[in-house]
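*Asks:* From first to last, the protein sequence lines are chains A and B. If you read the first sequence in my numbering, its first letter stands for residue 15, the second for the next number, and so on. If you read the second sequence in my numbering, its first letter stands for residue 243, the second for the next number, and so on.
One should not assume that every hint holds.
[To be verified] The calculated label-pair distances, taken between Cβ atoms and stated as ranges, are:
1) VAL129(A) - GLU257(B): 37 to 43 Å
2) LEU255(B) - SER23(A): 27 to 33 Å
3) ASN264(B) - LYS55(A): 41 to 47 Å
[To be verified] A few chain A residues facing chain B, derived, Cβ under 7 Å:
4) LEU40
5) PRO54
6) SER57
7) LEU60
8) GLY67
9) ILE107
10) SER122
Just so you know, the hints here were simulated from the structure itself, not pulled from any lab data. Please read these numbers as outputs of a predicted model, since none were measured by experiment. Think of the CB as a built atom: it goes at the ideal place given N, C-alpha and C, for glycine as much as any other residue.
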Amino acid sequence: GAVVSQHPSRVICKSGTSVKIECRSLDFQATTMFWYRQFPKQSLMLMATSNEGSKATYEQGVEKDKFLINHASLTLSTLTVTSAHPEDSSFYICSARQGGDYGYTFGSGTRLTVV
Amino acid sequence: GNSVTQMEGPVTLSEEAFLTINCTYTATGYPSLFWYVQYPGEGLQLLLKATKADDKGSNKGFEATYRKETTSFHLEKGSVQVSDSAVYFCALSPTYGQNFVFGPGTRLSVLP
């Protein structure tokens, strides 16, 4: 089946630094990937839609200069949290659409802790 | 707009009990409906789905029927196990190729 690999699974960084999270589709090409954020005990909130070869589409209220998304190939999208602050601490999950009958696959998520 | 409402948890059951997690939705058009499960420390896994009215999705003993008349997609399982302890998310996808709208999730704890 379709597999989406997300790395790192956990990261702790200092306030003010930047962190890059990778989302890879391992056995299929994904023209579209999605980035979600999950606050503790809350649901997933879509942050942005990442399109291969073009700019990402951000949801209302998401700072695009803070959450940089790059989808440079059909198998890789990256989310960079720039100048991270403690309030950016969260669980970030990506998903990729394989195509056909709703072939969405989620990554295992990245828990970011900013200290 | 599109939205998903789930029963609030946490839900605590004894092993072999019957499970129902209610889910209702609001959407324009004819969305597809999904249940996702998140085990502790892991990402989301698709549990089941239904793409049109009256469809029944089923997997691992879980079932949910797409009810257009009541705009519902309730999740049921006849006999839960400790290993079913997780957070369950109801979600809809408005049209093909668009992203998901998730419900708030329902935490299920099954006690031995």
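*Asks:* What are the numbers of the hints that this structure violates, sorted from low to high?
*Replies:* 3, 4, 5 and 8
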